[in-house]
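**Student:** Each chain, letter by letter, is given below.
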Amino acid sequence: MGTKPLLFKNALLVDPDTGREDKGGLLVRDGVIQDLGPHLTQAADADVIECAGQVLAPGLIDMRAFIGEPGGPYRETLKSAGEAAAAGGVTTIVSMPDTSPVLDDPAVIDFIVRRARDTSVVNILPAAALTKGLRGGEMAEIGRLKEAGAIAFTDGARSVTNAQVMRRALTYARDFDALIVHHVEDPDLVGQGVMNEGEFSSRLGLPGIPREAETIVLERDVRLVRLTGARYHAAMISTADSAEIVQAAKARGLPVTCGVSINHLSLNENDIGDYRTFLKLSPPLRHEDDRQAMIAALADGTIDVIVSDHNPQDVENKRLPFAEAANGAVGLETLLSAALRLVHADRITLPRLLRAMSTKPAEILGLPSGRLKIGAPADLIVFDPDAPYVLDKRNLKSLSKNSPFDEARLEGQVTITMVAGRIVFDRRST
Amino acid sequence: MTDTPRSVFPHRHLLGIEGLSPLDIQALLDLADNQVEVSRQVEKRKTTLRGRTQINLFFEPSTRTQSSFEIAGKRLGADVLNMAVASSSVKKGETLIDTAATLNAMRPDIIVVRHHAAGAVHLLARKVDCAVVNAGDGAHEHPTQALLDALTIRRNKGRIGGLIVAICGDILHSRVARSNMILLAAMGAQVRLVAPTNLLPPGFARLGFPTFTDMRKGLEGADIVMMLRLQRERMNGSFVPSVKEYFRFYGLDQEKLSYAKHDALVMHPGPMNRGVEISSDVADGAQSLIREQVEMGVAVRMAVLEALASHLPNG
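Quick mapping for you: the protein sequence lines, in order, are chains Z and V.
Read in order, the letters of the first sequence are residues 0 to 429 in numbering that gives the first Met the number 0.
Read in order, the letters of the second sequence are residues 0 to 314 in numbering that gives the first Met the number 0.
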């Protein structure tokens, strides 16, 4: 880290932790926030970055991204994911264990931690498998994996269907104060389904996935959390009923949190239109009513975090008939821009929105970042919330280009991304 | 001098520690102390059970408990018969009650029973006229193990009351843990339970036993560290993730033992899984009482048989 301090000047400081929005400066020294506030207009011997008209906020923390390393480096590497994240204002990524080999071995977690440190410009924190081989049968070595650096435990894109396995895993995780993140989607109810079950799937002639595939697993999990007391995070919810289940669990004081993907806040099943496979997701895009419910649940705090659900897929896996195409969309680079649509539409305040992508995930994961606070790591972003652009997927830094926002008009773009006091992305110089 | 006054042990069977008073326990331990001396003589044979028939009925294989009961019975002069249940009528579908009735018709004086189902020994005891000793029923009780553990502790520490005893490991499936918890608490020891929550029955914390999932904290200041065996089928992801992980967090090694008192003693009911719940250097180390427990096992079983014999008809 350079010893030379850096002053961000004349920025709109948005601290999602406190909800404060102040015009002022922020001084970074030795990788941490040394001072901030309206009084900070100059600092001796500091480099200065003029931020007039721009927001300065904590870097985004994305609790859900799939990366192809190890096993699928053509989809995404830790390095390319880091570059994509930096361009999108994401300073910390939680990577999913669905790799080859699966992240269910302390040695592999150790490899990811080291490899990410060596090759990625942003923080990549690996989530380890909850069950061995992601098979849903035997719990993974939660204690040893946590010691090796696993930030959370999840079977990634898979659900643990066996309630006994889930109960014991939750119980065991609680002994180690480990966080369990669960993809709530019952594979048997999904069956052959490839999109939301309803009028639109009927018209397209595609097998549907009922909302109950999600709500049944979520409801079961909430009851198991009540039984075990484990810290539980539903990775992504997508239905209005799910929001009600989470709300009830929270009202009961259970240690339950949940996320929503940026796709489910931005898009609905109609966007699939003419069988666009880039919109084939898990959980599937739902009805507009569900999307509206997700936005409302985000605004009222029922939904804690927004994730990119970044899932790079190469052309071979997407240029297929809809039912045969792989699930997933890239999202690291468009996370902020797409989310800002909600602010522009007056559906949520800027601090509240940023809170779901910084302070809140930091709290859930136990990280010191995610807030503008003296002494906190200088993981920061500067962005112009109004800068308009049209997304051209060829400009994506991700190795895969399966963005559902290709050619979309977006407003708000990151100018500078800083990780631990180091500028890792600077649009001014590109 | 080893003759027992009739009033000392007022029970017809030994089905569990539950139901024994501290005085009952003390009487058995005093009696067992004497049997230790008997067993250390060249002439070990007594005549207390001469002419009596003792049947060891083991529905679950157990080399050490069965031989311990066999030696105890023989040293007291009884005719001891080991029923090989695995190859008997039970395999042919006979119910437990029918087996009991059949055996009863052979007029034994004492039946020693081990069964895989909790409560099975109690059921059998209601159907026979002789004395019944529970040699372990499911995950319920194993009273002679708790008595031999108590005897071992008392002989090494001079007392049981006031000691801090940490029982560690697979408490959920352990009859040894249950019998020990009841006995030690009755005798005034402070019993702690150390285990991953998956191996801890949820009711015990509510019964007032302090429970620990962090072994180092659980061992802090302990006088006795009592390890339990982890069954192989429970090691691989069902209750705990793996042997490696279990040993890392719940296996007793010198480092974890150092959190207990410097003169803490280590016990294990056997058979041990070295490198799973206990390291070899601790198992074989200076603080280990594991060999002594085996010796005390014979003495305690002699004491129990003798105490029960005093209530037999014509006894």
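These are calculated hints, taken from the structure and not from any lab test.
Note that beta-carbon positions come from the ideal geometry of N, C-alpha and C, so glycine has one too.
Please note: incorrect hints may appear among the correct ones.
Calculated lysine-lysine pairs in the BS3-like style (CA-CA distance at most 25 Å, straight line) [said to hold, decoys possible]:
| hint | chain 1 | residue 1 | chain 2 | residue 2 |
| --- | --- | --- | --- | --- |
| 1 | V | K255 | Z | K145 |
| 2 | V | K243 | V | K255 |
| 3 | Z | K372 | Z | K78 |
| 4 | V | K73 | Z | K131 |
| 5 | V | K43 | V | K73 |
| 6 | V | K156 | V | K260 |
| 7 | V | K156 | V | K216 |
| 8 | V | K216 | Z | K145 |
| 9 | V | K126 | V | K156 |
| 10 | Z | K8 | Z | K22 |
| 11 | Z | K372 | Z | K8 |
| 12 | Z | K145 | V | K73 |
Heads up, incomplete: computed chain V residues facing chain Z, CB under 7 Å, no partners named [as the list claims (entries may be wrong)]:
| hint | residue |
| --- | --- |
| 13 | N197 |
| 14 | G236 |
| 15 | S241 |
| 16 | E244 |
**Student:** Each of the hints needs a verdict: does it hold here or not?
**Tutor:** Here is what the structure says about each hint:
no.	hint	verdict
1	V:K255 with Z:K145	20 Å, holds
2	V:K243 with V:K255	16 Å, holds
3	Z:K372 with Z:K78	29 Å, violated
4	V:K73 with Z:K131	51 Å, violated
5	V:K43 with V:K73	9 Å, holds
6	V:K156 with V:K260	13 Å, holds
7	V:K156 with V:K216	22 Å, holds
8	V:K216 with Z:K145	19 Å, holds
9	V:K126 with V:K156	41 Å, violated
10	Z:K8 with Z:K22	9 Å, holds
11	Z:K372 with Z:K8	16 Å, holds
12	Z:K145 with V:K73	54 Å, violated
13	N197	5 Å, holds
14	G236	2 Å, holds
15	S241	5 Å, holds
16	E244	4 Å, holds
In this structure, the earlier hints numbered 3, 4, 9, 12 are contradicted, and the remaining ones agree with it.
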